[in-house]
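Participant: Sequence:
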Amino acid sequence: MSRSTHHDLLFEALADGHRRRLCAYLADRDGTVEFADACATLCERSQCSRRTLEIELHHVHLPLLADADIIDYTQGADRIEPAENLPVAETILETTAEATCT
1 MSRSTHHDLL FEALADGHRR RLCAYLADRD GTVEFADACA TLCERSQCSR RTLEIELHHV
61 HLPLLADADI IDYTQGADRI EPAENLPVAE TILETTAEAT CT
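Per the UniProt record's numbering, the sequence shown runs over residues 1 to 102.
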């Protein structure tokens with residue numbers, strides 16, 4: 001994969017608020033998290049129903065984050081694990097937040 005394609009995948013994965021919050025949640029936990037716990041946390045700040053969010057996570061958000069190597073997730077699994085690019089995603093999110101505040 002070319003460097004620009006790699007960066008495009010990372011930024012596409014971080015373009016959505018649910019995915020950004022999931023990355024932050026996973027980074028704060030320092031390890032594997034249960035799907036149900038992550039979903040409950042995301043639901044607290046979402047305007048969609050829990051069921052809708054579960055479906056979106058399974059079919060859209062988690063596969064995209066996995067493609068960007070931010071998380072390890074197997075369809076149907078109940079656990080979400082950090083992957084190689086989670087620290088890169090954290091840095092991007094922190095830098096973006098700092099730039100927004102200044």
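Hint data in this document are derived by calculation from the structure and do not stem from the laboratory.
For clarity, every value in this text was computed on a predicted model and none was experimentally measured.
Heads up, the beta-carbon is just placed ideally off N, CA and C, and yes, glycines get one too.
The reader is advised that the hints may include incorrect statements.
[What the hints assert, rightly or not] Here are the in silico distance ranges between beta carbons for each label pair:
1. Y25 / T52: 15 to 21 Å
2. D67 / T91: 30 to 36 Å
3. E94 / R50: 17 to 23 Å
4. A27 / P63: 31 to 37 Å
5. T74 / T95: 19 to 25 Å
6. R79 / S46: 18 to 24 Å
7. T95 / D30: 28 to 34 Å
Participant: Each hint needs a verdict: does it hold in this structure or not?
Facilitator: Hint check:
no. : hint                  : result
1   : Y25 / T52: 15 to 21 Å : holds (18 Å)
2   : D67 / T91: 30 to 36 Å : violated (19 Å)
3   : E94 / R50: 17 to 23 Å : violated (29 Å)
4   : A27 / P63: 31 to 37 Å : violated (19 Å)
5   : T74 / T95: 19 to 25 Å : violated (30 Å)
6   : R79 / S46: 18 to 24 Å : holds (21 Å)
7   : T95 / D30: 28 to 34 Å : violated (21 Å)
Violated hints for the displayed structure, listed by number in ascending order: 2, 3, 4, 5, 7.
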